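Q: Spelled out from the first residue to the last, the chains are:
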Amino acid sequence: MSPVLDNLDLYVEGFLTSLGICLLAMVGSLLLGVVIAACRVSPVPPLRAFGLFWVTTFRNTPLSLVLFFCAFGLPELGINASFYAFGITGLILYTSAFVAEAVRSGINSVPAGQAEASRSLGLTFGQSLRHVVLPQALRTVVPPLGSVVIAMFKNSAVVGAFGVGGDLWSTGQTLTSARGLETLPIFVGVALGYLAITLPAGALLQLVERKVAIAR
Amino acid sequence: MSEPVLYDAQGPRARRRTLIGTVVGVLLLALLVFVVVRRLDDRDQFSMEKWGPLIDPSNEAFDAVWRLIREGIVNTLKAAAVAMVLSVVLGTLIAVARLSLGRVGRIPLIGLVELFRGLPVVVLVYFGVRVLDDVGVDLSGLPGGQVFWGLVIGLTAYNMVVFAEVIRAGVASLPRGQREGALATGLTNGQTMRIVLLPQAFRVMLPAIISQLVVVLKDTSLVTFVANFDELLSQGESIQRNLDNPIQVFVVIAVLYIAINYTLGRLAQFIQARQARSGRVSGTTVATAAATGPAHVGQGA
Numbered sequence: 001m002s003p004v005l006d007n008l009d010l011y012v013e014g015f016l017t018s019l020g021i022c023l024l025a026m027v028g029s030l031l032l033g034v035v036i037a038a039c040r041v042s043p044v045p046p047l048r049a050f051g052l053f054w055v056t057t058f059r060n061t062p063l064s065l066v067l068f069f070c071a072f073g074l075p076e077l078g079i080n081a082s083f084y085a086f087g088i089t090g091l092i093l094y095t096s097a098f099v100a101e102a103v104r105s106g107i108n109s110v111p112a113g114q115a116e117a118s119r120s121l122g123l124t125f126g127q128s129l130r131h132v133v134l135p136q137a138l139r140t141v142v143p144p145l146g147s148v149v150i151a152m153f154k155n156s157a158v159v160g161a162f163g164v165g166g167d168l169w170s171t172g173q174t175l176t177s178a179r180g181l182e183t184l185p186i187f188v189g190v191a192l193g194y195l196a197i198t199l200p201a202g203a204l205l206q207l208v209e210r211k212v213a214i215a216r
Numbered sequence: 001m002s003e004p005v006l007y008d009a010q011g012p013r014a015r016r017r018t019l020i021g022t023v024v025g026v027l028l029l030a031l032l033v034f035v036v037v038r039r040l041d042d043r044d045q046f047s048m049e050k051w052g053p054l055i056d057p058s059n060e061a062f063d064a065v066w067r068l069i070r071e072g073i074v075n076t077l078k079a080a081a082v083a084m085v086l087s088v089v090l091g092t093l094i095a096v097a098r099l100s101l102g103r104v105g106r107i108p109l110i111g112l113v114e115l116f117r118g119l120p121v122v123v124l125v126y127f128g129v130r131v132l133d134d135v136g137v138d139l140s141g142l143p144g145g146q147v148f149w150g151l152v153i154g155l156t157a158y159n160m161v162v163f164a165e166v167i168r169a170g171v172a173s174l175p176r177g178q179r180e181g182a183l184a185t186g187l188t189n190g191q192t193m194r195i196v197l198l199p200q201a202f203r204v205m206l207p208a209i210i211s212q213l214v215v216v217l218k219d220t221s222l223v224t225f226v227a228n229f230d231e232l233l234s235q236g237e238s239i240q241r242n243l244d245n246p247i248q249v250f251v252v253i254a255v256l257y258i259a260i261n262y263t264l265g266r267l268a269q270f271i272q273a274r275q276a277r278s279g280r281v282s283g284t285t286v287a288t289a290a291a292t293g294p295a296h297v298g299q300g301a
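As given, the protein sequences belong to chains A and B, one line each in that order.
Mapping of the first sequence onto the working numbering: residues 1 to 216, in sequence order.
Mapping of the second sequence onto the working numbering: residues 1 to 301, in sequence order.
Next up, chain A with everything else stripped away, as it sits in the complex (with noise of 0.2 Å):
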């Protein structure tokens, strides 16, 4: 392991570039999720079809993709941007799909009787939406959005491997092409880097879950 060693601070570079990367783009992707969900519920069709477009556009289609559209397709429209930059909009276009759908299925597993009460008790689709079904829905929607976002983590190695760098992956990169260093130590460490997010994330979320839910 000593490769890994020698250039542990490169791998914590790397580390928290890939942490930067997840956090700027899990603020991203829960507003415009949230934002995308409510359009799937909401009582104006156009809404409604808009967001089942986004969702179905950005679920079916490789992240990978995505952000080679931001790369090429924005400097097209005269957006000229740093690669950093492409790439996060990537990652929140992305993932903003399947926050968007943790949401709505979430909303849909709020009984309907909630919801007829707070109809039948004179609140608009606004009100019961913020008052009556939101709150109870954001507890379910917590453990789906958990994984969503450690997976937006594992994400951040796409963003970093398309060109991006400076993330832990772009790190083992360097380190093995650049500095032609063998390949098998290098990528543990970086595996080591990933889990020691996922891991701890996933056992926190299991508590999280526990504590939430919501017996029905």
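Worth flagging that the hints you see were computed from the coordinates, not collected in a lab.
Be careful, since some hints might not be right.
What the hints assert, rightly or not - Covered stretches of chain B (in silico footprint by chain A; criterion: 3 or more residues with CB under 8 Å from a CB of chain A, positions within the stretch not fixed): (1) 14-27; (2) 124-132.
Said to hold, decoys possible - Pulled a few chain B residues facing chain A out of the computed Cβ check, cut under 10 Å: (3) R43; (4) V226; (5) V251.
To be verified - Some residues of chain B that are not near chain A, with every Cβ distance over 10 Å (derived): (6) R67; (7) L68; (8) I73; (9) A81; (10) L90; (11) R106; (12) R179; (13) L183; (14) G186; (15) L198; (16) P199; (17) I210.
Since this is a predicted model, take the numbers as computed values, not measurements.
Just so you know, even glycine gets a beta-carbon here, dropped at the ideal spot from N, CA and C.
Let chain A serve as the given structure and place chain B on it in line with the hints.
A: Relative to the frame of chain A, chain B by itself:
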């Protein structure tokens, strides 16, 4: 909960508001599209020079381009299919082993599941393609070659543990009486699993299994970052490098991916709906199975 409970059928006033909103929205969207189209047009993105090779059969590059794309689709489907079959078989073995081994025997299997589930697929594909090669595992003798099998191994490593969890959840979702009844009729533990529990678990979990196929299909594209393998995305990349029309090529590639994956997704929905209707698998069983199933299903890169 069916959605319409959240709001009444729209009355005349709400309909009018929706209509106005729609018109305004469509106008804004049209404006946005107009700006985008203008910008793209300014850069000649609509010229036949860029689109011709993809949509005009008389273009000289048309045949070559579509031959490459067809090759890409075939390779993508092949890799996905082989990885899928291997993952289902190995996943079933892991699930059965985990269900039938004692507390201690289970530990290494849980470790295996957590390990592979916690790694990015692109890292596992890297292990399959590069690391195995470097440590001297020679796969080039197998039909398909080194990179193909490396990719398959990477995808299988990830997806077999996902399936193991799916199938375990499927078995767990069956009514307890199934196992008790089977054992009471004198079947051994192994027979109970093979003849009674697994077939039903597969039925319950078929939609989840098909949805995971979408993930496998999408993940084949990750090999682009690791090695040369002529799957759909890589083919698109080499086409756009030669013709210098990235937007156009990637639009076509995206439409192809979406068409294949959307069809699979609909198939999964269809089967789920039919199961719920036929009553062979009760609706609640499907619901609990879906709820207890790993939320990892359906994600992916």
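Q: Run every hint past the structure and note whether it holds.
A: Against the structure, the hints come out as follows:
| no. | hint | verdict |
| --- | --- | --- |
| 1 | 14-27 | holds (count 6) |
| 2 | 124-132 | holds (count 4) |
| 3 | R43 | holds (6 Å) |
| 4 | V226 | holds (8 Å) |
| 5 | V251 | holds (8 Å) |
| 6 | R67 | holds (21 Å) |
| 7 | L68 | holds (16 Å) |
| 8 | I73 | holds (13 Å) |
| 9 | A81 | holds (17 Å) |
| 10 | L90 | holds (20 Å) |
| 11 | R106 | holds (16 Å) |
| 12 | R179 | holds (25 Å) |
| 13 | L183 | holds (30 Å) |
| 14 | G186 | holds (37 Å) |
| 15 | L198 | holds (26 Å) |
| 16 | P199 | holds (28 Å) |
| 17 | I210 | holds (13 Å) |
Consistency note: the structure conflicts with none of the earlier hints.
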